[in-house]
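Read off the chains here:
2 protein chains.
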Amino acid sequence: MSAPPPRITAVDTYDIRFPTSRELDGSDAMNPDPDYSAAYVVLRTDAADGLEGHGFVFTIGRGNDVQVAAINALRPHLVGRPVDQLCTDPASLNRDLIGDSQLRWLGPEKGVMHMAIGAVVNAVWDLSAKREGKPLWKLLADADPQWLVSQVDFRYIADVLSPERALELLSKGKQGAAEREKTLLERGYPGYTTSPGWLGYSDEKLTRLAKQAVADGFTQIKLKVGADLEDDIRRLRAARAAVGPGIRVAIDANQRWNVDEAIAWTNALGECDPYWIEEPTSPDDILGHAAIREGVAPVKVATGEHVQNRIVFKQLLQAGAIDVLQIDAARVGGVNENLAILLLAAHFGVPVCPHAGGVGLCELVQHLSMFDFVALSGTTENRVIEFVDHLHEHFLTPVVISRGHYTAPTTPGFSAQMFPESIAEFSYPDGTFWVADLTDLTAQKAETA
Amino acid sequence: MSAPPPRITAVDTYDIRFPTSRELDGSDAMNPDPDYSAAYVVLRTDAADGLEGHGFVFTIGRGNDVQVAAINALRPHLVGRPVDQLCTDPASLNRDLIGDSQLRWLGPEKGVMHMAIGAVVNAVWDLSAKREGKPLWKLLADADPQWLVSQVDFRYIADVLSPERALELLSKGKQGAAEREKTLLERGYPGYTTSPGWLGYSDEKLTRLAKQAVADGFTQIKLKVGADLEDDIRRLRAARAAVGPGIRVAIDANQRWNVDEAIAWTNALGECDPYWIEEPTSPDDILGHAAIREGVAPVKVATGEHVQNRIVFKQLLQAGAIDVLQIDAARVGGVNENLAILLLAAHFGVPVCPHAGGVGLCELVQHLSMFDFVALSGTTENRVIEFVDHLHEHFLTPVVISRGHYTAPTTPGFSAQMFPESIAEFSYPDGTFWVADLTDLTAQKAETA
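Each protein sequence line maps, in turn, to chains R and E. Each step along the first sequence adds one to the number in the working numbering, with nothing skipped, and position 315 is 315. Each step along the second sequence adds one to the number in the working numbering, with nothing skipped, and position 327 is 327.
Simulated from the structure, these hints should not be mistaken for laboratory data. Keep in mind that this is a model prediction, so the values were computed, not measured. The beta carbon of each residue, even a glycine, is placed where N, CA and C say it ideally should be. Hints are not guaranteed to be accurate.
Derived coverage of chain E by chain R (criterion: at least 3 residues anywhere in the stretch with Cβ under 8 Å from a Cβ of chain R; other residues may be distant) [to be verified]:
(1) 32 to 38
(2) 51 to 64
(3) 281 to 288
Computed list of chain R residues with no C-beta within reach of chain E, every gap over 12 Å [stated by the list, open to error]:
(4) Ala48
(5) Arg208
(6) Arg240
(7) Thr397
Could you build the full structure based on these sequences and the hints that come with them?
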């Protein structure tokens, strides 16, 4: 008697938090003190080889427990499900999760519940790529265009992108794919770095890190702006002086402004030739972005890391509201929805420059851009993946940056897996780091008393 | 020594679920089997009179626990806060909750986390109105326009609605307010009923309930559509035949369609003269609604119960995408954000016809429409509040419908308070109803085995 086909046996979740707020790493005009965190999920199976799928939502601290609760709410859809069905048709799970009408009420397709779906769907793609023995980018790039189309949910976007058009784009993407894969493996995918530009850094640190970025081979850096205009002018001048005229300097307001303010402030920074203004206002304001784009040209408008789903991306493109589309691997409903978004971008000819940083976002999103290069848009022109040099040490297969480029991963999977030791140390509030931290705090309080 | 000023001492939350799916009450094209539920919150105080504030998020079953977890995440912002400050300036809390940058990452201002904020903010308004000894609608109608303006967050809407324009609208709303209050107290506020039109009902039941609605004094009913076109045509004919030509029959697709489909399907139902098509597609699709409105005129387009915040409402109005704006009392960030939305609607001259039904949504939202009539838009023309006759018996001060009108509440507060007995019976999974239900299920399984 042969063994029964493997199934999902457990969905384990972890509330992992890193105390990043103590260093002002990641500080910006809206997020002064983030504690970079992950609501982390492991799909366990009874496959003989111990196959597991890993995924997560990135958060910045408080509320990570709510995000974990949302992932837990998906457990009944997963446990007992055959691994083979999940791996050969992740869309079947995606449909069931998006289509759970009771859970759908909590969105629909946005916020905490949708990000939980994204984490689980991404974990399934990790499982699938591991089983296939390929890094995710290659699994996607090798896939049959028809099958990729079957992985996309066209609901609410079909008025702009039909399955037929998607197939056409993906079939065209196959032409020259082998050549581009070779190029990718040789050169990697261009990145840019935000490391110099956090608001909490001194001008001296900014200048030093900006110079370092150029020395490291990056051709674009990014600065956080939006807290104080005089400071921004000074910091942007310092950055421009540090990198010279040939390097792109993007700026990022993290949604700080109203529409009129965004236009005035961005134009006030014009002398230093910013390349794009990122998140000038609410990610929900499609018409606002269109007005801003008109008001700040030739500075480009970029957004996406907080855009909730394909429906809002569709409209940003329809309205001509953005020059640069910034996907995030862990905000929308996972790889399936990001396929839809990459197809929309390709359809409109708008370059995709992913948001990354946080916890593990670089690790994930590189796969999507690399697939896009090899088998969809077919180009890296005006395309860069954000890079921030934080917290990679907690991942089994961290990103490798070389001469300003992301090196293509070759390990099977979605690069989502953290070391068990990291999980044990930074689980909140019971991990060894947080327990020791609480002990310190208690001791300090006792001393002060 | 006088007693210290009262503070919030505890934030108690309850996962309350009613087994409504067993009767197909509330069934529609997207939600075949809702279990109407409330993530319910009570703000306890140490005020001498035992003052409490009650609020909730309405959900339809699974995931209600996630919603409760989100409310719990707000507890640190509430416990210890002075009641006086909360009551005289609910916006101060609203700002702190919306502005918690770590929690904001989970939205921003949308989905589970935002609805949790709405529940808590609404509970504060309940507290405030009780302390003032007024029903909420009257507290708002009596309020100084300057103060009301101070309760609105203009971030991301200031490009369309300035504080000055809001003040102008509210000051104009004061003219004749006393007269309108008298009218309101005499006649109530017009309602319409969805009770006949649930998808799960037979044609016979539909016809009977539609006739009953007219006999009860309603001048508008609503039917769920979107599952099957032939069925919809038959049901709409039956409804039209039952009510005659003088009664408005609205239809509601609960987001079932893509844009093109919405236009074609609505036009196919044109022979029965539907008054509005509600939720024809995704609530996120502003440009889609604009296209649908153009494609189905003269049938009106209505949406809002799932619109996540004031920013999306702003754009629906800017884009001329809707004829009817449907606020929901428990989807956005509470009374403060609904004030912003009512002001936007008044600014654009678009009538507000609230979504209600569910658990306690009628109880809450009547206050907002009544305030709007008395002291903002100043009219009930083409304005009706949805009414569904479900679950009102669990509330201390349930809505009173008379000749198709909502009777203005006179009890102090926001009408949000449920009976302790109802909470005890329907708390999930430990309430007496659910424990007994589980016992039955176990017994049935044992019999079958």
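Hints violated by the structure (numbers, ascending): none
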